[in-house]
Amino acid sequence: MDRVAIVGVGQTKYERGKTKNFAELVYEVTRKALDDAGMGLSDIDNVVTTTNDFYDGRTIACMAVAEAAGSYGRDATNVEGDGTLSAFYGLMRTLSGVYGTTMVTTHCKLSEGSPRKLFNQAFDPVYERSLGMDAISSCALQARAYMHRFGVTEEQCARVSVKNHGNARNNPYAHVSLDITVDDVMKSPMLAEPIKRLDVSPISDGACAIILATEERAKKAAKKPVWVRGVGHCADAYRLGERDLSVSPALEAAAGRAYRMAGITDPSREINVAEVYDAFSYMELMWYEGLGFCGQGEGGKLIDSGATQMGGRLPVNPSGGVLSAHSVQVAGLARIAEAALQLRGEAEKRQVPGAKVSLAHGAGGICAQTHCVWVLSN
Amino acid sequence: MDNETILEVKEKDGLLIHQGVIRVPYTWAAGAVASRFYAGLRDKKICGARCPKCQLVLVPPKKTCHQCFGDLNEWVEVSNEGSLQTFTVVHYHEPELHPIKPPFAYGIIKLDGADTGMTHLIGEADLKGLREGMRMKAVFKEKPDGNYLDIKYFKPVKGAK
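Residue numbers (this note's numbering), protein chains in the order written: chain A, 1 to 378; chain B, 1001 to 1161.
Simulated from the structure, these hints should not be mistaken for lab results. Be aware that a few hints might be false.
Claimed, not checked - If you want the footprint, here are the derived chain B segments under chain A, 3+ residues with CB under 8 Å:
no.: 1; segment: 1044-1051
no.: 2; segment: 1094-1108
no.: 3; segment: 1118-1125
Claimed, not checked - Cross-link-like lysine to aspartate or glutamate pairs, in silico, EDC-like; alpha carbons within 20 Å at most:
no.: 4; chain 1: B; residue 1: K1128; chain 2: A; residue 2: E154
no.: 5; chain 1: A; residue 1: K20; chain 2: B; residue 2: E1132
no.: 6; chain 1: A; residue 1: K32; chain 2: A; residue 2: D53
As the list claims (entries may be wrong) - From chain A, some residues computed to sit far from chain B (all C-beta separations above 10 Å):
no.: 7; residue: E128
no.: 8; residue: S130
no.: 9; residue: L131
no.: 10; residue: A140
no.: 11; residue: Q142
no.: 12; residue: R144
no.: 13; residue: K187
no.: 14; residue: D266
Virtual Cβ for every residue (Gly too), placed ideally from N, Cα, C.
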């Protein structure tokens, strides 16, 4: 693969009930990413935005943000899905030889809609939709399947919440930062067994943008380039009953593709920092396994070992992760932005010292039907 | 306009927030497979599709096998009973979504003769006594409507542990 770099990143602060509208949010991060890269809009060859018509409460929702992302007069296209997939598409466009740079943006203001009702619309209207499931109740089925099979405990899941909400205190963009204990998580209200209030990510509004560039165009950027070393994407079956919810073969496949491309053979040793899509605390443990940071069923032991906390062998979610800011379609791209900042040494109080290889992971669909993995390096 | 009406203008931090409702009538063709599945439920029969390539029996059925891309056109009747694969007891209230009041349970039930699980409601059960592997049985609605709730819920088979 020709070399492609991330040369600019921009994020809003994530919070609930932002008064900026979609275009204002996207303009903020597009501007920030351009300033970060030391570029002007004339340096951008094409644009990939990210929208979801149901979440955005309008059809052809990309048109509400296209101009704010700099699309006027350019080839602009749109992805409906997690931001990692928009970046994946942006990467392909950059590799096509047609464009030297790609602006990738994503925004979400789920607080303006009805999150549980909107998520229920993800289920097949002819079959399961009338059961009234949403993200929490469907993911509770996955959490239990995983925990029951491997003997992972609620306390081990709670440790993810304690770690990530604690890490969020070092991230000025985070929505929810908390100084809490395992006991606090265990005593928080039960929502859908085994998932409790503090196991769940918040509903956050926000936006994120990154700029991708070919090697030649990256030379003109202000900051040192962060290179894309490997990417992988894979989808599982749609219906929950057709999947083994206790494991994530789609993540294993996505990670395997990204590692092969990047030449990674021992991810737990070769990756210095990871940002993963922990929409619920149990997910981070499952994703440790899917990403090969530990063996199958050993996610609970890995969090217990302290290896994934700040100062550990492989810190996971120094930013506080999705548990601390869940602006749905933004969350994956935010993982890429954070993974890039780590390699530049610009992650400030959340910096993992000397990080040279970082990983970003995004997910989408009911119980993370699809996964996208990025390996980045200096 | 019926479909989207600005109901109210609010103010936050000196800026305006327009509040409305989106209500859009829609129809969804159930397709040949689901239509036949629901016809079976009228007779209290649960039918699945068997993949001619990999022999996977999918319940509820669909048109295409996700594993081998086979065209699913062979029908098999499966049992009304099966085993509970996983479940959750829901405690939060979402009255416009949930068909029953919490606490109640969702489960995935693999019926005897099927290779895939059916996600559904669990009823007539001691919620504290639910266990993986528990034997469950479909309870059919008296007057079927041709939708997923023609199976009202699955209940534990008497004496099941």
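Outcome of the hint check:
With 0 residues carrying a beta carbon less than 8 Å from a beta carbon of chain A, the segment 1044-1051 of chain B misses the three-residue requirement, and the given coverage is violated. Under a criterion of three residues with beta carbons nearer than 8 Å to beta carbons of chain A, the stated coverage of the segment 1094-1108 of chain B is upheld, 8 such residues being counted. Only residues whose C-beta sits within less than 8 Å of a C-beta in chain A count toward coverage, and the segment 1118-1125 of chain B has 4 of them, enough to reach three; the restraint holds. In summary, the hint linking K1128(B) to E154(A) is supported, as the alpha carbons are separated by about 17 Å, within the 20 Å threshold.
For the given pair, K20(A) sits about 47 Å from E1132(B) by alpha-carbon distance, which is inconsistent with the 20 Å threshold. Of the pairs offered as hints, the one joining K32(A) and D53(A) is violated, with about 25 Å between alpha carbons and a cut-off of 20 Å exceeded. Some Cβ of chain B comes within 10 Å of the Cβ of E128(A); the nearest lies about 5 Å off, and the non-interface call is violated. Some Cβ of chain B comes within 10 Å of the Cβ of S130(A); the nearest lies about 5 Å off, and the non-interface call is violated.
The Cβ of L131(A) does not lie farther than 10 Å from every Cβ of chain B; its closest approach is about 6 Å, which violates its non-interface assignment. For A140(A), the shortest C-beta to C-beta distance to chain B comes to about 4 Å, within the 10 Å cut-off, and the non-interface label is violated. Listed as outside the interface, Q142(A) is inconsistent with that label: its C-beta sits roughly 8 Å from the nearest C-beta of chain B, within the 10 Å cut-off. For R144(A), the requirement that its beta carbon stay farther than 10 Å from each beta carbon of chain B is not met, with the minimum near 5 Å.
Non-interface call for K187(A) relative to chain B: holds, since the shortest CB-CB distance, roughly 14 Å, exceeds 10 Å. Every C-beta of chain B lies more than 10 Å from that of D266(A), the closest at about 31 Å, which supports listing it as non-interface.
Hint violations for this structure: numbers 1, 5, 6, 7, 8, 9, 10, 11 and 12, all remaining hints satisfied.
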